[in-house]
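Undergrad: Below are the chains, spelled out letter by letter.
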Amino acid sequence: MSDVKTASVNVIEKPKFKDQYENFIGGKWTSPIKGQYFENVSPVDGANFTKIPRSTAEDIEKAIDAAWAAAPEWNNSAAAYRSNLLLKIADVMEQNLEALARAETWDNGKAIRETMAADLPLAVDHFRYFAGVIRAEEGSVSELDSNTVCLNVTEPLGVVGQIIPWNFPILMATWKLAPALAAGNCVVLKPAEQTPVGILILMELIEDILPAGVLNIVNGFGAEAGKPLASSSRINKIAFTGETTTGQLIMQYASKNITPVTLELGGKSPNVFFESVMDADDEFFDKCLEGATMFALNQGEVCTCPSRLLVQESIFDAFVERVVERTKAIKLGHPLSPDTMMGAQASNDQYEKILNYINIGKEEGAEVLCGGGAAYNEGLEGGYYIQPTILKGNNKMRVFQEEIFGPVLCVTSFKDEADAIEVANDTLYGLGAGVWTRDTHQAYQISRAIKAGRIWVNNYHNYPAHAPFGGYKKSGIGRENHKMMLAHYRHTKNMLISYDKKAMGFF
Amino acid sequence: MTERVEVTEAAKQIIDQLREEHGELMFHQSGGCCDGSSPMCFPKGDLMINETDVYLGTIHGCDFFMSKDQFEYWKHTQLTVDITSGRGSSFSLEIPLGIRFVIKSRLYSEEEAKDLSPTRSGEN
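Chains D and U, in that order, give the protein sequences.
Numbering (the working numbering) for the first sequence: 1 to 507.
Numbering (the working numbering) for the second sequence: 1 to 124.
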């Protein structure tokens, strides 16, 4: 442990949790069939705070049965009906926003400032967005010739499986749930084993809103509950957010049943700053500095963490100096303290992995510009805290190529536009990128040249519900957010109608 | 000759424990995102391996693979599979034990780099 002290501890009350949670199957809280539970640890203090079902294939089967029992009615329900239920979910979440935010913070370790201002409000809006979209959208009709009409109607897939990551538990569950439910699917959802509690508390709040069996939550470990869900021949789609090997494995399981898959996998997102950003020390430049410091949002545990800072040579020293200054101002502290800017990493293994990466970075010759080790949080000695760290090096180093998933920024320089594009694209991933410039032509051209699904131009880490999000290259398949997402949860039924009474003349 | 992948005694014990329950095992080094950049342990054959993977060596009886393109960025470092306590997620078999396999890396010395254990394509 480091002796770098963070903010002094305020006495903050831990949220209240039950001693044990259950699965939610067919509208009822249900114990796992084998009766096993596992301890859930809070990264805030490293202590166990509740028990979670350790489910197995039998529980997954039971949940899929419940989902199919609900499917005939839900799959065929009116859009207006589903829309109203999604709006009710959003209202209940909004009314309980602080309680959910506190639970989420305790479960994940992230600062309450972020759960209050980002995770929960975005989740509420996401339900409202999809509730709105399905009221306004239409299918399509075309008259192919005077006697032939092509009618395109959308139909839900039926029952879908969803596996949720631990970095934004409620928000990532919402990104998958809202479109799936809006499209008329029943869902079997498995939360991440590090962070199941926020989702379960949300389920307690909304359990009477949806008809029984429409949404089923089964907790457990990947190998024991995730695998039978992804391998099941009785789901019509599997959606996963996580890392590449598991992504490959899920595709492989799904391939046996020709089950469609959407995957949101890793990233190593470049955040590119051109020299014009320093033309003035103004409001926009202040925004640029904040944009470069966005690597610390959610302790860096974001697939789109802008973890590679690429700065034009001509401004490199001056710009990086200001970014270091901004980074040193980040306040670590108790995740439940409202002025804490960075909380705990989500688990001990994450914490260890991040420290291992900082070490390999140093060994490869990266220069530590700030941070570079663990942080100590008074009163929370068992928690997993790391100092926001900036490493200066080159893009071939492992710390520039691998997703550390922690508050570690790797900074390097580029000469000109061509060099910026080359370095930005020299990665296996293509999830996000930032482009910062005062030159609008440059902003457009560089954004088009970077191979990533989301390019933030003169901003970073905004996630509005109506902007599609997803990856190029090894960052995944499909998109989330935006009404286009509904297509990932639907079939297109094409009715090709002939109004011609004459035979075709073949037979 | 210097091995490309090593394994600690503590990790060996966990491998033995998992082998008893699941039979023969394999490792695949994951790439990015939540639980990524970590070695994944599966029942042997569970993850399809082909020419897009590189075989780096065998640790305590388990073949260790990595995606070929990822290996390009890793090949100058020796990997050691160790364990740490903590609740990881993913489909890796040790997760229910409340521990996680982790990778520790170091650069090869110039001398070592001249004589590294051979790699081969995963299809063989």
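If you're looking for bench data, these hints aren't it; they were derived computationally from the structure.
Built from N, CA and C at the ideal position, the CB exists for glycine as well.
It is possible that part of the hints are untrue.
[Unchecked claim] Here are the in silico distance ranges between beta carbons for each label pair:
id: 1; chain 1: U; residue 1: Glu-24; chain 2: D; residue 2: Asp-208; range: 45 to 53 Å
id: 2; chain 1: U; residue 1: Asp-16; chain 2: D; residue 2: Lys-88; range: 51 to 59 Å
id: 3; chain 1: U; residue 1: Glu-24; chain 2: D; residue 2: Lys-16; range: 43 to 51 Å
id: 4; chain 1: U; residue 1: Lys-12; chain 2: D; residue 2: Glu-417; range: 34 to 42 Å
id: 5; chain 1: D; residue 1: Asp-426; chain 2: U; residue 2: Glu-123; range: 43 to 51 Å
[As the list claims (entries may be wrong)] Cross-link-like lysine-lysine pairs, in silico, BS3-like; alpha carbons within 27 Å at most:
id: 6; chain 1: D; residue 1: Lys-14; chain 2: D; residue 2: Lys-62
id: 7; chain 1: D; residue 1: Lys-396; chain 2: U; residue 2: Lys-44
id: 8; chain 1: D; residue 1: Lys-392; chain 2: D; residue 2: Lys-287
id: 9; chain 1: U; residue 1: Lys-104; chain 2: D; residue 2: Lys-392
id: 10; chain 1: U; residue 1: Lys-104; chain 2: D; residue 2: Lys-396
id: 11; chain 1: D; residue 1: Lys-451; chain 2: U; residue 2: Lys-68
id: 12; chain 1: D; residue 1: Lys-331; chain 2: D; residue 2: Lys-256
id: 13; chain 1: U; residue 1: Lys-44; chain 2: D; residue 2: Lys-34
id: 14; chain 1: U; residue 1: Lys-44; chain 2: D; residue 2: Lys-362
id: 15; chain 1: D; residue 1: Lys-287; chain 2: D; residue 2: Lys-331
id: 16; chain 1: D; residue 1: Lys-473; chain 2: U; residue 2: Lys-68
id: 17; chain 1: D; residue 1: Lys-396; chain 2: U; residue 2: Lys-75
id: 18; chain 1: U; residue 1: Lys-104; chain 2: D; residue 2: Lys-256
id: 19; chain 1: U; residue 1: Lys-44; chain 2: D; residue 2: Lys-415
id: 20; chain 1: D; residue 1: Lys-256; chain 2: U; residue 2: Lys-114
id: 21; chain 1: D; residue 1: Lys-362; chain 2: U; residue 2: Lys-75
Undergrad: Would you mind marking each hint as holding or not holding in the structure?
TA: A quick look at each hint next to the structure:
| no. | hint | result |
| --- | --- | --- |
| 1 | U/Glu-24 <-> D/Asp-208: 45 to 53 Å | 48 Å, holds |
| 2 | U/Asp-16 <-> D/Lys-88: 51 to 59 Å | 52 Å, holds |
| 3 | U/Glu-24 <-> D/Lys-16: 43 to 51 Å | 46 Å, holds |
| 4 | U/Lys-12 <-> D/Glu-417: 34 to 42 Å | 51 Å, violated |
| 5 | D/Asp-426 <-> U/Glu-123: 43 to 51 Å | 27 Å, violated |
| 6 | D/Lys-14 <-> D/Lys-62 | 34 Å, violated |
| 7 | D/Lys-396 <-> U/Lys-44 | 32 Å, violated |
| 8 | D/Lys-392 <-> D/Lys-287 | 22 Å, holds |
| 9 | U/Lys-104 <-> D/Lys-392 | 21 Å, holds |
| 10 | U/Lys-104 <-> D/Lys-396 | 18 Å, holds |
| 11 | D/Lys-451 <-> U/Lys-68 | 20 Å, holds |
| 12 | D/Lys-331 <-> D/Lys-256 | 49 Å, violated |
| 13 | U/Lys-44 <-> D/Lys-34 | 26 Å, holds |
| 14 | U/Lys-44 <-> D/Lys-362 | 35 Å, violated |
| 15 | D/Lys-287 <-> D/Lys-331 | 18 Å, holds |
| 16 | D/Lys-473 <-> U/Lys-68 | 14 Å, holds |
| 17 | D/Lys-396 <-> U/Lys-75 | 11 Å, holds |
| 18 | U/Lys-104 <-> D/Lys-256 | 35 Å, violated |
| 19 | U/Lys-44 <-> D/Lys-415 | 47 Å, violated |
| 20 | D/Lys-256 <-> U/Lys-114 | 43 Å, violated |
| 21 | D/Lys-362 <-> U/Lys-75 | 17 Å, holds |
When held up to the earlier numbered hints, the structure conflicts with 4, 5, 6, 7, 12, 14, 18, 19, 20 and fits the remainder.
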